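Student: Chain residues, written in single-letter form:
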Amino acid sequence: MTSGDQRGPSDERGPVTTLATPIRLDYVFSAGIAQSRNLRGLAEGKFVGQRCGVCHKVYVPSRGSCPVDGVATDDVVELANTGTVTTYCVVNVPFAGQSIEIPYICAMVLLDGADISFMGLIQEIPTDEVRMGLRVEAVWVDPEDLGPTMASVKYFRPTGDPDADYETYKDYT
Amino acid sequence: MSERVAVIGAGQTHHKAKRDDVSIAGLVREAALRALEDAGVGWKEIDAVVIGKAPDMFEGVMMPELYLAPALGAVGKPIFRVHTAGSVGGSTALVAAHLVSSGIHQRVLSVAFEKQSDSDAMWALSVPQPFSAPLLAGAGGYFAPHIRAYMRRSGAPRDIGMKVAVKDRLQALKNPYAHLHLPDISLQMVEESIMLWDPLHYLEACPSSDGAAAMVLGSDKAASEAQAATGRRPAWVHGMAMRSEPTMFAGRDQINPQAGRDCAKDVYAQAGVSDPRSEFDCAEVYVPFSWYEPMWLENLGFCAEGDGWKLTEEGATALDGGDIPWNCSGGVLSSNPIGASGMLRFLEVALQVRGEAGEHQVDGARLALGQAYGGGSQFFAMWVLGSERP
Amino acid sequence: MPRQGHRPVAVVSFAQADNVRRELRRNEVETLMPVFAEVFSNIGITKDDVGFICSGSTDYLAGGPFSFVSALDAIGVWPPRTESHVEMDGAWALYEAWVRLQEGDIDAALVYGFGKSSMSDLSKVLALQLDPYVLAPLWPDPVSVAALQARSLLDAGKATERDFAEVAARSRKAALSNPKAQVAYDRNVAELMGEDYVVSPLRTHTLPPITDGAAAIVLAAGDKAFEWAERPAWITGIDHRVETHSLGARDLTASASTTKAAEVAGVNDGTVEVAELHAPFAPQELIVAAALGLGDDVLVNPSGGALAANPIMSAGLIRIGEAASRIMDGSAGRVVAHATSGPALQQNLVAVLEGV
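Chains as they are written, first to last, in my numbering: chain A, 3 to 175; chain B, 7 to 396; chain C, 6 to 361.
The set of hints was computed from the structure by calculation and includes no laboratory data. It is possible that some hints are incorrect.
Some, not all, of what chain A presents toward chain B, calculated at C-beta under 8 Å [said to hold, decoys possible]:
| hint | residue |
| --- | --- |
| 1 | T19 |
| 2 | T20 |
| 3 | V56 |
| 4 | K59 |
| 5 | V70 |
| 6 | C91 |
| 7 | V95 |
| 8 | C108 |
| 9 | M110 |
| 10 | D117 |
| 11 | M134 |
| 12 | V141 |
| 13 | W142 |
| 14 | S154 |
| 15 | D173 |
| 16 | T175 |
Pairs of lysine-lysine residues, derived as DSS-like cross-links and limited to a Cα-Cα distance of at most 30 Å, are as follows [said to hold, decoys possible]:
| hint | chain 1 | residue 1 | chain 2 | residue 2 |
| --- | --- | --- | --- | --- |
| 17 | B | K271 | A | K172 |
| 18 | C | K229 | B | K271 |
| 19 | C | K52 | B | K271 |
| 20 | B | K24 | B | K180 |
No experiment lies behind these values; they were computed from the predicted model shown. For each residue, glycine too, the CB sits at the ideal point set by N, CA and C.
Hey, can you work out the whole structure from these sequences and the hints?
Tutor: Encoded structure:
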């Protein structure tokens with residue numbers, strides 16, 4: 003490192019430009035009340051949504067409150083295993099922590115009965131055949147591997163049903 | 007009562023992938039000293055410092071303003087730290103401006119920076135959090151699906167984004183501070199660059215930069231003193247506004263967010279602007295991925311909804327021959343020190359209306375819009391600057 | 006009421022979460038929701054009645070970037086709102102809101118601060134606040150930094166260890182009447198002096214608890230304040246200042262930034278009845294009280310202060326809320342609130358609040 007002035011190094015070895023300080027911090031996260039309902043559903047192989055008592059929209063997963071009304075979403079709604087791809091991209095870039103072979107499809111999936119889409123992986127279809135409006139269903143990990151985590155959903159795959167009409171999902175990208 | 011505010015000094019660093027020639031303090035001082043010199047003042051004349059940056063994990067320093075206070079001449083003064091995600095550079099300038107418009111201070115130094123190379127920025131953005139979905143797509147993967155949705159909604163041809171990518175890099179060639187200088191940039195070069203997040207090519211995405219920006223905001227009195235001392239005109243604030251909306255909610259329009267439209271409406275009303283395309287001489291708008299130019303053209307009311315791509319296609323937003331040049335500096339696509347990127351938008355329009363933008367100057371620019379956005383397009387900061395005292 | 010031609014702005018409502026060692030049941034959003042509900046219902050308003058929102062929190066406490074973003078879901082910022090965030094204690098969010106209210110186009114603001122200190126090891130997290138080149142790599146923990154400051158006080162002959170214990174005994178006893186306190190007891194000084202050192206010269210009683218918490222305040226200007234509150238706590242002066250970062254370059258036995266902020270805020274332009282001081286470590290209360298020039302007759306920290314509960318990022322805001330409450334409940338006419346940030350009281354904010 004050097005100081006902010008423009009005098010330059012006086013030492014013939016030049017300035018120190020790197021100083022490595024490894025930082026490791028461990029955190030204990032709390033899922034919270036609403037998120038716990040969702041996670042318990044995932045452990046049973048199902049999607050659990052929560053309805054806002056004010057605007058009646060169904061959130062999955064719910065963080066605890068309706069982001070529009072600021073009230074708890076206490077009304078629990080079991081959701082279908084099927085949904086619609088509202089939009090997507092093809093991931094071709096490798097990055098740290100990635101566990102899937104590229105290229106792959108990362109899509110926004112709107113579950114039937116939900117009012118918000120969430121990000122999911124689309125498999126069992128060539129990447130160039132994926133499209134907005136594609137009908138998909140969740141594929142879960144083996145029952146003994148189910149747990150309170152989004153990782154319980156392996157991916158989504160096409161149901162083979164006709165594509166959803168654009169008008170039905172265009173407001174949920 | 008609201009007092010007049012002006013930008014009386016501006017400074018930025020050379021933006022690069024890695025500024026290992028300076029410490030964090032050295033980086034912010036480089037920009038700050040240039041701003042002070044431009045304003046014709048020293049540290050003594052500064053009443054307060056407002057500093058902004060994106061997440062602290064980018065450098066691995068918690069609340070770095072504490073460590074930076076002496077380097078920014080803030081000892082014995084107020085120093086204030088803003089963090090509003092990607093819009094932070096803009097919000098920081100606005101918080102500083104309000105300290106003047108509220109009549110509390112005469113001269114406030116606003117600084118924003120990022121030294122991404124000090125940590126691993128991709129890592130910092132994707133710290134694994136339990137309970138939430140595992141990050142499937144990386145940073146650009148968040149925005150690429152929205153770009154696809156925009157293409158579908160507007161019917162825009164696939165090459166619009168590439169045109170923005172070329173235009174902004176050509177403009178960056180006229181900005182000596184820009185990170186990317188790609189003299190050979192062409193549509194073919196963009197098209198042949200790797201498709202990172204289809205529909206987004208590598209060259210349609212912003213770089214990762216180290217850099218800082220600084221401005222001195224001054225009162226009416228400070229502005230006339232600066233002009234007398236330096237001979238340089240101030241850039242007057244004609245309007246400023248911030249808006250936020252929730253990140254995710256049922257039916258949220260992520261392509262044309264309400265918060266952006268409301269923010270623009272507010273800032274135009276303050277500045278008396280009814281037709282932004284004809285009344286502004288230029289704009290600096292946060293476009294980290296090429297397709298955000300046509301999207302923001304619509305969001306900011308420069309055209310009807312669905313028509314943004316047409317302005318890009320016909321060259322309306324080019325410095326060379328366009329009627330409403332956008333991002334003459336090369337924009338975020340050419341320099342992206344995240345925390346400072348928003349402030350650079352605000353600073354570049356100050357340079358334009360002061361006639362100080364050098365080679366990327368728009369002839370006779372008198373009124374211009376600066377915009378910054380952040381998060382998942384839910385935080386907005388804007389200001390309108392003019393050469394005329396309001 | 007206000008000084009220097011400032012627009013009159015008052016604290017009209019205050020609410021805080023229960024201060025607990027470890028909030029495992031609720032996430033941040035769920036912790037904040039009831040706080041917002043209370044701060045609004047106290048004065049019969051809704052989120053639609055405030056024109057500006059500002060919060061204080063820090064990513065390093067939350068363990069992820071942009072931790073303030075989801076907190077907005079606890080309010081419901083729709084339609085879009087004018088909103089801002091500081092990576093500072095909520096007391097500074099209140100400062101930004103006070104500035105914003107000066108211009109007359111907005112009449113009310115919601116400010117809040119939140120953080121869960123229990124999520125990680127504070128002694129490591131707070132070390133990252135220090136100079137990244139020469140201090141942080143040594144990982145100095147906050148208790149040791151505070152012990153250096155306490156040692157300086159002793160060596161300068163400005164205080165004794167018994168003084169530290171008296172601050173702790175008085176604060177924890179006062180905390181017995183604060184339903185939100187996390188640590189409260191009635192123990193005599195001799196008993197406290199018998200405790201072992203954690204880091205000499207700091208014994209257990211001189212340390213703050215580790216606290217998860219959150220707090221919110223509604224500010225209102227002019228007539229709006231009288232409309233919403235019977236006795237608004239008018240902010241008649243507010244300022245904040247910073248000192249140099251290097252501990253070796255500072256007189257750790259004094260707080261020049263507090264003194265300067267107090268001067269600008271006008272602390273000694275009238276009689277101070279109550280002071281709520283943000284002094285996480287007992288010796289720091291002595292330093293701050295001296296820097297403010299408080300006399301012996303001032304009631305200091307009737308809430309128990311940060312020794313009763315120290316939710317990082319809202320403990321400073323809570324001092325303003327507690328001080329304002331003395332005005333709002335009619336028990337005092339002129340009070341002082343103080344908030345601090347950074348190692349060894351590096352940065353300080355001072356506010357003076359008054360009744361009509």
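Student: Can you name, in rising order, the numbers of the hints this structure does not satisfy?
Tutor: 3, 12, 13, 14
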